[in-house]
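Participant: Go ahead and model the full structure; you've got the sequences and the hints to work with.
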Amino acid sequence: MEKPRVLVAMSGGVDSSVAAALLVEQGYEVIGCTMQVWDYSKDSSCEIVEGNGTCCSSIDVDDARAVADHLGIPFYVINCEEPFEHFVIKDFINSYLEGRTPIPCVHCNTFLKFDHLLKKMKELRCDYLATGHYAESQEISDSRWGLITSEDSWKDQTYFLFTLQTEILPKLIFPVGKMEKPKVRQLAEEMGLPVAKKRDSTGICFIGNKGYKNFLEENVPKEKFKPGLLKRWDSGETLGEHSGIHNFTYGQRKGLGISSEKPLYVVKVDPMTCEVWLGEEEELYSTELEVDNVNWLDEFNDDEKLRVKVRFAHQGAQANILKTEIEGRYKIVFDEKQRAITPGQAAVVYRDRQLIGGGWIL
Amino acid sequence: MTHQPLTVCGSKNIYLDHNATTPVSKSVIENVPNWLEAWGNPSSIHWNGRQPKAILRESRKKISALLKASSPLELIFTSGGSEANNLALWGSVLKIQSFFPERTELITSVVEHPSVLKTMEAIAKYKNMTLHKISVNQNGEIDLDDYFGKLNEKTALVSIMSANNETGSLFPIKKMVRKAHEVGAIFHTDAVQALGKIAVDVKTWGVDMASFSAHKFYALKGCGVLYVKQGTALESQIFGGGQERGRRAGTENILAIAAFAKMSDCQEDIANYTMQMAELRDFMETQILNVIPDIEVVGGQGKRLPNTSSLIIKNVNGESLLINLDMQGVSVSTGAACSAGNPEPSPVLIAMGYSRQQAQSSLRLSIGWTTTKEEILKFVNILKEVVIHLRNLEAEEKSWKNQES
Chain A
6 MEKPRVLVAM SGGVDSSVAA ALLVEQGYEV IGCTMQVWDY SKDSSCEIVE
56 GNGTCCSSID VDDARAVADH LGIPFYVINC EEPFEHFVIK DFINSYLEGR
106 TPIPCVHCNT FLKFDHLLKK MKELRCDYLA TGHYAESQEI SDSRWGLITS
156 EDSWKDQTYF LFTLQTEILP KLIFPVGKME KPKVRQLAEE MGLPVAKKRD
206 STGICFIGNK GYKNFLEENV PKEKFKPGLL KRWDSGETLG EHSGIHNFTY
256 GQRKGLGISS EKPLYVVKVD PMTCEVWLGE EEELYSTELE VDNVNWLDEF
306 NDDEKLRVKV RFAHQGAQAN ILKTEIEGRY KIVFDEKQRA ITPGQAAVVY
356 RDRQLIGGGW IL
Chain B
146 MTHQPLTVCG SKNIYLDHNA TTPVSKSVIE NVPNWLEAWG NPSSIHWNGR
196 QPKAILRESR KKISALLKAS SPLELIFTSG GSEANNLALW GSVLKIQSFF
246 PERTELITSV VEHPSVLKTM EAIAKYKNMT LHKISVNQNG EIDLDDYFGK
296 LNEKTALVSI MSANNETGSL FPIKKMVRKA HEVGAIFHTD AVQALGKIAV
346 DVKTWGVDMA SFSAHKFYAL KGCGVLYVKQ GTALESQIFG GGQERGRRAG
396 TENILAIAAF AKMSDCQEDI ANYTMQMAEL RDFMETQILN VIPDIEVVGG
446 QGKRLPNTSS LIIKNVNGES LLINLDMQGV SVSTGAACSA GNPEPSPVLI
496 AMGYSRQQAQ SSLRLSIGWT TTKEEILKFV NILKEVVIHL RNLEAEEKSW
546 KNQES
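For the record, the sequence lines run as chains A and B.
Numbering-wise, our numbering puts 251 at position 246 of the first sequence, and it's gapless, one number per residue.
Numbering-wise, our numbering puts 296 at position 151 of the second sequence, and it's gapless, one number per residue.
To be clear, the hints were calculated from the coordinates, so they are not data collected in a lab.
Hints are supplied without guarantee of correctness; some may be wrong.
When the alpha-carbon atoms are kept at most 25 angstroms apart in a straight line, the in silico PhoX-like pairs for lysine-lysine are as follows [stated by the list, open to error]:
id, chain 1, residue 1, chain 2, residue 2
1, B, LYS459, A, LYS127
2, B, LYS523, A, LYS127
3, A, LYS124, B, LYS272
4, B, LYS263, B, LYS240
5, A, LYS176, B, LYS240
6, A, LYS124, B, LYS543
7, A, LYS124, B, LYS546
8, B, LYS295, B, LYS272
9, A, LYS127, B, LYS543
10, B, LYS157, A, LYS8
11, A, LYS127, B, LYS546
Restraint-style ranges between C-beta atoms, simulated for each label pair [stated by the list, open to error]:
id, chain 1, residue 1, chain 2, residue 2, range
12, B, ASN547, A, LEU367, 30 to 40 angstroms
13, B, PRO259, A, ARG204, 49 to 59 angstroms
14, A, THR278, B, GLY294, 55 to 65 angstroms
15, A, GLU103, B, SER544, 33 to 43 angstroms
Don't be surprised by glycine CBs; every beta carbon is placed ideally from N, CA and C.
Facilitator: Structure follows, in structure tokens:
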């Protein structure tokens, strides 16, 4: 019998490199690929830093290729610039312009890795698609598949995978999903992978070290920014002016451009009036939120207590998930107040370690 | 066939990408050790310099005869075709500007290789000149009326390729040169794709400058030639020692130059190869069109290189096609092989008026002197099977999307 063939998405980082190596070890026929998502030659401020990923991604492509050569597997660059710009960059920019704080990685997973690459997987006659995500795809009960959080709760990436459709889960392999990061790095060293000592990439791949504001300023025409007033919650007192609502995110304390006795935080960004409201810390707390464009990977009841994360770094808190009258929109009610529930982020729901799904915070 | 068939280095894949590079001739490889023995610097006066100097002189003579130059002194050895193009364009513009500052216009075509197009754009930008890009029609033919209209007393330099690397389209160089000379403009042609495929004769063409590359001619990478007609003024772009009569400094790449010259021995065979490749290419296209529906041959109605076939395969993604063919042992390309394995849709096809989607469904096949009919038949079978597979998936996807909406 022929070996099952796997297309593995390689970013040039340690996790996906080890993922590819493990698949080779497990006897799959492995084909490596990297998504070319952004033309980095356009970025003026892009500096090449040795051993540092994310910026100047052609270096990451070279690293991925070096790993593929080391493993003796074929490697191809898949051009994804068009869908990436359309599904990821545009939404990223528009979110900030509309006063939301986006998570581009979810869109990249939804539309690029687990749609565009899934299509490539079929086109290249592969049986499976593998990535270096920290998550597990499991058959939960007779032919019902689900996603389970990684053993490494610090690295777990299921938060970014809540939009996945259950039908595709049997086609996915996450070779490092069961491991903890130190183990992955150790394996990389033991297997002599050329990226074993490469630093973890943090943050957003097309932003790098320069910060999202610089990215927006380079890629958005000036007239699209929305300047307005800084106002005190809830007295309505005008505290000053700002150069655009894209500079603010909920819970932000630094860089507000004003001084006050008590520390002030962004508690509301209003894209209609372009007002940014500042208030004291307790204003950041609330017990409920609404999400739309939900995706559920499993069923649940109104009265079931589930764990909900409102941002990637959030521990998660007990809540009930309630259907609203609007199709695709749900209300999430927490047992206890949560800090800085931010529009544009995702609320992602778990039953123990099983990913139930989630939606976008309004 | 009367000529001695060429033997080249082996390849695991069926190689149908000769416009990217050609396999190295065995006759070159056999002689590499001898040329390496001549390791001295050809500029040295002592004994060690003599043999490399002799190789350089003999090579220049042979290549000069191959290109039908009037004198070996009309050849400048460079690192390759891209450097030859850069030297030709920058080097001549600098001279023209100093003699004729009123000549401020440049002419090129929209389908040039980037080493011409980007260089012309850079010259226009940094020298404050006006660049005219002549368009082509959907058959790949250059718009001669547009060209004649743009030529005038202010034209400094024209650079139009002899043959296009992606579609194989041939341009009427002789006619274009005559018109350029009538207004006193200098004419350069990028002839990198012409050598080894059609008759090359720089004297009859009448061009002032022409670029060539050794690695598209079964020799080695790292060697190009710029032909500069006697009397054409050219400023050096690499200053240093006085090599190449002060027009291109740097110790000569004797190994690659000797290899290029070695391939000149095949000069008499080229006409045969031209016929042989044309027959095989036409056979391949007929076979493909017979067994696979919805395929368009790009530029098929115009004059083309004998070895090149550019296809648009409806409802097939070129990137997936290329990878599938590679996995099944066939090397092809979707466009020029320049951009670090990053398959952007071909700007040449876009310039010819094809849509982005059509350009993303393109396939470039370029056969060589050693391509066999057996290879073609095998390739056509593989292609057919891959195209069916990809079109089935495309149809599935479409019907699935229709059901959803």
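Participant: Does each hint hold? Answer for all of them.
Facilitator: Hint by hint, here is what the structure shows:
1. B:LYS459 / A:LYS127: Satisfied, since the Cα-Cα distance of roughly 18 angstroms is no more than 25 angstroms.
2. B:LYS523 / A:LYS127: holds, 24 angstroms
3. A:LYS124 / B:LYS272: Status violated; Cα separation ~48 angstroms.
4. B:LYS263 / B:LYS240: holds, 20 angstroms
5. A:LYS176 / B:LYS240: violated, 64 angstroms
6. A:LYS124 / B:LYS543: holds, 12 angstroms
7. A:LYS124 / B:LYS546: holds, 13 angstroms
8. B:LYS295 / B:LYS272: holds, 19 angstroms
9. A:LYS127 / B:LYS543: holds, 14 angstroms
10. B:LYS157 / A:LYS8: holds, 21 angstroms
11. A:LYS127 / B:LYS546: Roughly 16 angstroms between the alpha carbons, so the hint for LYS127 of chain A and LYS546 of chain B holds.
12. B:ASN547 / A:LEU367: 30 to 40 angstroms: holds, 32 angstroms
13. B:PRO259 / A:ARG204: 49 to 59 angstroms: Hint violated: Cβ distance 34 angstroms, outside 49 to 59 angstroms.
14. A:THR278 / B:GLY294: 55 to 65 angstroms: This hint holds: roughly 57 angstroms between Cβ atoms.
15. A:GLU103 / B:SER544: 33 to 43 angstroms: holds, 36 angstroms
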